[in-house]
Amino acid sequence: DQQVKQNSPSLSVQEGRISILNCDYTNSMFDYFLWYKKYPAEGPTFLISISSIKDKNEDGRFTVFLNKSAKHLSLHIVPSQPGDSAVYFCAAPPNTGNQFYFGTGTSLTVIP
Amino acid sequence: KAGVTQTPRYLIKTRGQQVTLSCSPISGHRSVSWYQQTPGQGLQFLFEYFSETQRNKGNFPGRFSGRQFSNSRSEMNVSTLELGDSALYLCASSLGRMGNEKLFFGSGTQLSVL
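Residue numbers (this note's numbering), protein chains in the order written: chain A, 5 to 116; chain B, 5 to 118.
By construction, these hints were calculated from the structure, which means they are not laboratory data.
The beta-carbon is built from N, C-alpha and C at its ideal position, and this holds for glycine as well.
Worth double-checking, as some hints may not be accurate.
DEER-style ranges, computed between Cβ atoms [unchecked claim]: (1) A:S32 <-> B:K61: 19 to 29 Å; (2) B:G20 <-> A:E62: 49 to 59 Å; (3) B:Q22 <-> A:N31: 46 to 56 Å; (4) B:S83 <-> A:N71: 42 to 52 Å.
Derived list of chain B stretches under chain A, where covered just means 3 residues or more per stretch with a C-beta under 8 Å from a C-beta of chain A [said to hold, decoys possible]: (5) 51–62; (6) 77–90; (7) 105–116.
For lysine-lysine, the following PhoX-like pairs were computed, each having C-alpha atoms within a straight-line distance of at most 20 Å [stated by the list, open to error]: (8) A:K60 <-> B:K106; (9) A:K75 <-> A:K60; (10) A:K41 <-> B:K106; (11) B:K106 <-> A:K58; (12) A:K41 <-> A:K9; (13) A:K9 <-> A:K72; (14) B:K106 <-> B:K61.
Chain B with its partners taken away, still in its complex shape:
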């Protein structure tokens, strides 16, 4: 079974630009979550989508948005990029059941904002 696939792996943008990151979950997984990892901050939850609906949202500004398609693939968009948005963005998929289940992560997209 193929794992979670994130594209692109690396991205360099300048302040003020916007960026779109893509995530293909494991086949059969209906939940896709996005996390931001910065040094010393661990993994900060951005949002979670299940069956094309945003089910949970973390404490990030409205510049961060996402969507999920009918095939469970998801995209994350960041508009008006700031230097502080430089981070590793991780996508994770799961079956989407409430409670005790595991997240399966992709390799991430390393975003650098100059």
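Isolated chain A (complex conformation):
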């Protein structure tokens, strides 16, 4: 069962504009979320995380918002740069064990 979902397989944005990537989850027990960025032929790299005690976490151009009532989180990239073109995965670990649940990914293309 897909406990973490990314319903947009792809997104194209002009350089300098905002990119918004969305993620939904079904398990209300999740209390920590992460975003990973993946370039082709490379492993995913950690980008930013958020704990459920917060509704926003910011790191430079990247901000993650969490709406617990809607079981929804989003990643905002402002301003978007061509180097941001990659596949972005949202993920959530369970409270026990290290079986992270990953979304199917959103492929972001930033057009120069």
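Since the structure of chain A is provided, determine the placement of chain B on it from the hints.
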């Protein structure tokens, strides 16, 4: 600090063969997880090892197995390969604490089954 190292990077096998993939975690990390990535399917969890014990297992057939050594290095084995096993296999390491921690991924092994 060296990152997660996976070998080999690329592998071509034929149906029915078996394959062993290797993963060396970041020094000090005791948890190693394996994921399969196929187009459109995201990252599917295979299993996780902590201190040489399988702690979690995903929904994959018994043809997929793994082990972890005392130095935390891990191997994953797939027997009787099928065409559908063609995928990028990713290894990730972490400290292994429960809850809020990050996974650090290797570059993966791209397996092609012909």
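Now for the hints, and whether the structure bears them out:
Here the CB-CB span from S32 of chain A to K61 of chain B is close to 24 Å, well matched to the stated 19 to 29 Å. Between G20 of chain B and E62 of chain A the beta carbon distance is about 52 Å. The supplied range of 49 to 59 Å therefore holds. A beta carbon spacing of about 35 Å between Q22 of chain B and N31 of chain A contradicts the range 46 to 56 Å that was offered as a hint. Separation of S83 of chain B from N71 of chain A is about 44 Å and conforms to the stated range, judged on CB atoms against 42 to 52 Å.
Note: the stretch 51–62 of chain B has 5 residues with beta-carbon separation from chain A under 8 Å; the three-residue rule is met and the coverage holds. Here's how the stretch 77–90 of chain B fares: 0 of its residues keep a CB closer than 8 Å to some CB of chain A, so the rule of at least three is not met and the hint is violated. Evaluation of the coverage hint for the stretch 105–116 of chain B: fulfilled, as 9 residues show C-beta separations to chain A shorter than 8 Å, against a requirement of three. Proposed proximity of K60 of chain A and K106 of chain B is supported: the alpha carbons are some 18 Å apart, at most 20 Å.
Annotation: proposed proximity of K75 of chain A to K60 of chain A holds, straight-line Cα distance about 14 Å (limit 20 Å). Only pairs whose Cα atoms come within 20 Å are accepted, and K41 of chain A paired with K106 of chain B is accepted, the gap being roughly 13 Å. As the CA atoms of K106 of chain B and K58 of chain A are separated by approximately 18 Å, the hinted pair is consistent with the 20 Å bound. For the hint pairing K41 of chain A with K9 of chain A, the CA-to-CA distance comes to about 16 Å; that is within 20 Å, so the pair holds.
For the hint linking K9 of chain A to K72 of chain A, the alpha-carbon distance of about 15 Å falls within 20 Å, and the restraint holds. Straight-line distance between C-alpha atoms of K106 of chain B and K61 of chain B comes to about 19 Å, which keeps the hinted pair within the 20 Å bound.
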